[in-house]
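Those protein sequence lines, which keep their order, are chains A and B. Quick note, the working numbering runs 391 ahead of the 1-based positions in the first sequence. Quick note, the working numbering runs 608 ahead of the 1-based positions in the second sequence.
Take these hints with a grain of salt, some might be off.
Here are the simulated PhoX-like cross-link-like pairs (lysine-lysine), alpha carbons at most 20 Å apart as the crow flies [stated by the list, open to error]: (1) B:682 / A:620; (2) A:782 / A:832; (3) B:973 / B:682; (4) B:1026 / A:615; (5) A:789 / A:777; (6) A:744 / A:782.
I should point out that these hints are in silico values taken from the structure, not numbers from a laboratory.
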Amino acid sequence: MINDQFYRRRYIISGIAIGIVLIYIIRLFYLQVIDQSTQDQAEGNALVKQTIYPSRGLIYDRNGELLVFNQPIYEVTLVMREMKDDWDTTRFCQCLQITKADFDERLSEIKDRRKNRGYSPWTPQVFISQLKKEDIATLQEALFMFPGVQIQKRTLRDYTYNAAAQVLGSVGEVNQNDIDRDSYYARGDYSGRDGLERTYESALRGEKGVEILLRDSRGRIQGKYQEGKQDSAAQAGTDLYTTLDIQLQMLAEELLNGKIGSVVAIEPKTGEILALASSPTWNPKVLVGKERSKNYNLLLNDPTKPLLNRATQATYPPGSTFKTIQALVCLEQGAITSETLYPCSGPGSTPIKCTHHHGSPVALLKAIEQSCNPYFWCAFRDVLQKDGYGKNNEDFRKRYELWRNDVMAFGLGQKFTDSDISEQSAGSIPSTKMYDKYYGKTGWKAITIRSLSIGQGEIIATPLQLANQAAAIANEGYYITPHLNKNDSMLQHIHKLDIDKQYFEVVKEGMHRVMVYGTGRHFPIEGIETAGKTGTAQNPHGKDHAIFIGFAPIEDPQIAVAVVVENAGFGATWACPIASMVIEQYLTGEVKRKDLRKRIATSILNEGVKKW
Amino acid sequence: MRASRSGNILQHVDWPTIGMFLVLVIFGWMNIYGASYTYDQTSIFDFANRAGKQFVWILGALGLGGILLMIDYKTYDMLAYIAYGVMLALLLVTPFVAHDIKGSLSWISLGPVSLQPAEFAKCIVALAVAKYMSQYEYKVRSWRDLIIPFVLIGVPALIIMVLQKETGSALVFAAFLLVFYRQGMSGYVLLSGIAAVALFIISIRWGGTALPFGSGNVGILTCMLLLMIVEIFFVCRDHKMKYQPLILCGSVAVIYGIALIVNIWWTVPFGWLSVGIVGALAIYIVVVSLYFRKYALLIVAVFSLACVGYTQACDFVFNKVLQPHQRIRIEVLLGMKEDPAGAGYNVNQARIAIGSGRFLGKGYKNGTQTNMQFVPEQDTDFIFCTVGEEWGFVGSVAVLVVYLLFILRLFHIAERQKSIFTQIYAYSVASIFLFHLTINVGMVLGLLPIIGIPLPFFSYGGSSLWGFTLLLFILLRLDAARMEQLR
Chain A
392 MINDQFYRRR YIISGIAIGI VLIYIIRLFY LQVIDQSTQD QAEGNALVKQ TIYPSRGLIY
452 DRNGELLVFN QPIYEVTLVM REMKDDWDTT RFCQCLQITK ADFDERLSEI KDRRKNRGYS
512 PWTPQVFISQ LKKEDIATLQ EALFMFPGVQ IQKRTLRDYT YNAAAQVLGS VGEVNQNDID
572 RDSYYARGDY SGRDGLERTY ESALRGEKGV EILLRDSRGR IQGKYQEGKQ DSAAQAGTDL
632 YTTLDIQLQM LAEELLNGKI GSVVAIEPKT GEILALASSP TWNPKVLVGK ERSKNYNLLL
692 NDPTKPLLNR ATQATYPPGS TFKTIQALVC LEQGAITSET LYPCSGPGST PIKCTHHHGS
752 PVALLKAIEQ SCNPYFWCAF RDVLQKDGYG KNNEDFRKRY ELWRNDVMAF GLGQKFTDSD
812 ISEQSAGSIP STKMYDKYYG KTGWKAITIR SLSIGQGEII ATPLQLANQA AAIANEGYYI
872 TPHLNKNDSM LQHIHKLDID KQYFEVVKEG MHRVMVYGTG RHFPIEGIET AGKTGTAQNP
932 HGKDHAIFIG FAPIEDPQIA VAVVVENAGF GATWACPIAS MVIEQYLTGE VKRKDLRKRI
992 ATSILNEGVK KW
Chain B
609 MRASRSGNIL QHVDWPTIGM FLVLVIFGWM NIYGASYTYD QTSIFDFANR AGKQFVWILG
669 ALGLGGILLM IDYKTYDMLA YIAYGVMLAL LLVTPFVAHD IKGSLSWISL GPVSLQPAEF
729 AKCIVALAVA KYMSQYEYKV RSWRDLIIPF VLIGVPALII MVLQKETGSA LVFAAFLLVF
789 YRQGMSGYVL LSGIAAVALF IISIRWGGTA LPFGSGNVGI LTCMLLLMIV EIFFVCRDHK
849 MKYQPLILCG SVAVIYGIAL IVNIWWTVPF GWLSVGIVGA LAIYIVVVSL YFRKYALLIV
909 AVFSLACVGY TQACDFVFNK VLQPHQRIRI EVLLGMKEDP AGAGYNVNQA RIAIGSGRFL
969 GKGYKNGTQT NMQFVPEQDT DFIFCTVGEE WGFVGSVAVL VVYLLFILRL FHIAERQKSI
1029 FTQIYAYSVA SIFLFHLTIN VGMVLGLLPI IGIPLPFFSY GGSSLWGFTL LLFILLRLDA
1089 ARMEQLR
């Protein structure tokens, strides 16, 4: 326009337009490039990640017998936001056979963020879990009436045999610690709480799958996100083949009926645990599902402590069974030979009496056969005093340390850290330090610790360690870490003993004689030559514990056994027959001594023992 | 002069504008489809969904555009006042025959479709204003010359705001301020407008924040300090005296210093003290203007005193005059309230949708937030969210740039006219588009309070699309005739 005095204002106006658009572009840059928070919020809005639960790995015994499998259970979930006013609560309660009061209580529990930390009205919340198929049948049919309600399938453990509860362990709901420690878990998940279920949790649990669904602003599911491209399928857990022989395990548990004690059987050549029985025990089915926590508390409060896996956690003085190791260590250290004679004056012996009547003096074979206490005291004394006591007791203490090392080489006094048994005790072979502390460096001599010579006093060991010790003797100089997973890789875990093979032959012969002439002679197995050693562990709290270790057949040992029966008296009376039948079962596939079996299995030594 | 033949029209019509118009309309249509896309979605042409309906509206708009181009350009000038009268009548009748849609009484049902007369009012008001201001010998010399134009835009705006309860559509008439400015209205009117908004925001936002010292609140104190700066600036600009700015600023500083010292023993009401200083400065300005006969300065004094009153009234307006939903929208915008489930829901969801689009966007029809309807009104007022989410920063900026070019093109068209009528009309059209773009995108980006007005050519809706088509194609017709016009 001509003569337009406001002509320059066109630039201001255009400038305003450009300025506004520029401001908006800067804002867009902030929102879309700098600010990172919106992406998560968008995902939280529109994406529902639905977990697909894998089926847990199955557990088999060494012969492929199925021990643990899965049973389907169902849980009812609901999304609060989708519950409509026309919801027929009465009908819903009828379907689930609960009362209106139960319903209201459960709802308020779900909404309480203190109890239910992850609560959101948009996501499915577990209303009732662990329902059987028949429990949800009615609801399934009427499901269309209840918007927001879903039935989710999960799995629970089920067991083929009523046995091996402690070994197999159980599966329970994860707690907050587990969730914090391992991002795999979410509230309401299950994990192995003890036993094999715990040790092999990461293999058994498998991998969860996820299905990503699109949710609209009203919380309705509208389909799969990106047609399922981001979804992943669940991977079932790996099956576990254990070293257990379920028939042997069941026999062991049967024989322990009414008694407190344990049976451990190991295949010496491989370290595979054939049976690991602890009594009292329970039916593994009682720690499954809805009843789990109630039953767990019952077990926890049982005065006989069934939850303690006595086979691996209880410790006892090994008693006379320790004489086998004592003999081997004394021979190896050159304190005695197989011909060395020591006098025995029977019950009049000092400082340790002999409990058996036999000729005197005795050599090693006879001493083992007759479990001669004075013999082993003398041998022990001679080992420790081999170099005298020396200045400040030093030579003696050095000798003790050597003796201790050789004893611990049998796997005593320490946990099998490379084993897959989750619950273990270390037991104890007392250290020089411990005695120094107790008596002062110069205050203890061989005579002070004489109880150790016959496996009493401060020595304690678990039945697992005793069985392993028997296996090491059977193998004549080595053992493989006892384990439960039938997996050849464990064969690498070989532990060699520094004891000459010839000494094992002597001790084995001695143990054979125990079974022929000595304390074990009452329970021979037809056609099978066995070796063993009974023991009677003194128990300051009551009747002695009966102990037995042994292996068979003597020429080519297939099985090594340790049996402990608490407060049963002589090892020969209770522990030995149990071991004998376990060996027979494993080697011949049956127990021919039906009367003996029945007698032992029905003998109630402790009235308090219950099978849950 | 006789109407040109259509062949001529096609030669003279501004094709770049039509090109940008088509780009925006088609891209908008795609985004309407994308916004409501779900997996069971039907075709983009299916009349059952909004994209399909929009397709019909687009065809109608193209037809309408064609017809408008055929009509003799002089018709618009001729019919401007008559149309204005008819429009006023229609706007008055609307609330009485309208259906209540979310509290708004602006929709008339005609069979299967609804129309919003307010969308067409803009165009007719623009024509009327252009006609009035292009009269022979008309010039904006003083504020009196702007009375009629203000009435022309004020009456329909009031009807729409009060009777139809459509605040957004009424506010659009503020766009004409830019037109008046171009035609000679004082720039201070625009600045006062900006100042009013700034004072309002400051006094509301910080009105509740107590001073860390003395009594009074941060809002009032800040407003008064701003006013003092304005007063000192003007008095020093018109009345040149040695060291005057230094003396004035120094005195103010000394007064505040003394007040702070006194405050140690007695609580000083800093708010009222500041009001007093502004008043004292105003008196000084009055004295200066009378003594030196610089009467223009009187306006500054009056203005600053008016502003003092205004800031005191802001609270009243905010709490008593504004509707509760409007109040909450402003509070949410100013960050005084967090309400992501209620009033802040739209804004928050829009922010999430746009932000989650990141640099390149999630891809056409892949926007989870828009497809799953997390953003309300996502195919109408909040359509820009879909752009942000599915096309990302790149797409959003591209859309804004096309709009900017489109508006700058309209300014360019305005400036090349010989006819004042066409020029004013062109400025009106461009300003209305700019206003819609500013308010709509500003709202979606969370920079402005929620005011429900559509994004031109993008938002779903026949009335708004046809209304904007009407605006644009009348301009294109007038522009095509620029060579034939005499003045």
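Against the structure, the hints:
1. B:682 / A:620: 61 Å, violated
2. A:782 / A:832: 11 Å, holds
3. B:973 / B:682: 45 Å, violated
4. B:1026 / A:615: Status violated; Cα separation ~60 Å.
5. A:789 / A:777: 10 Å, holds
6. A:744 / A:782: 31 Å, violated
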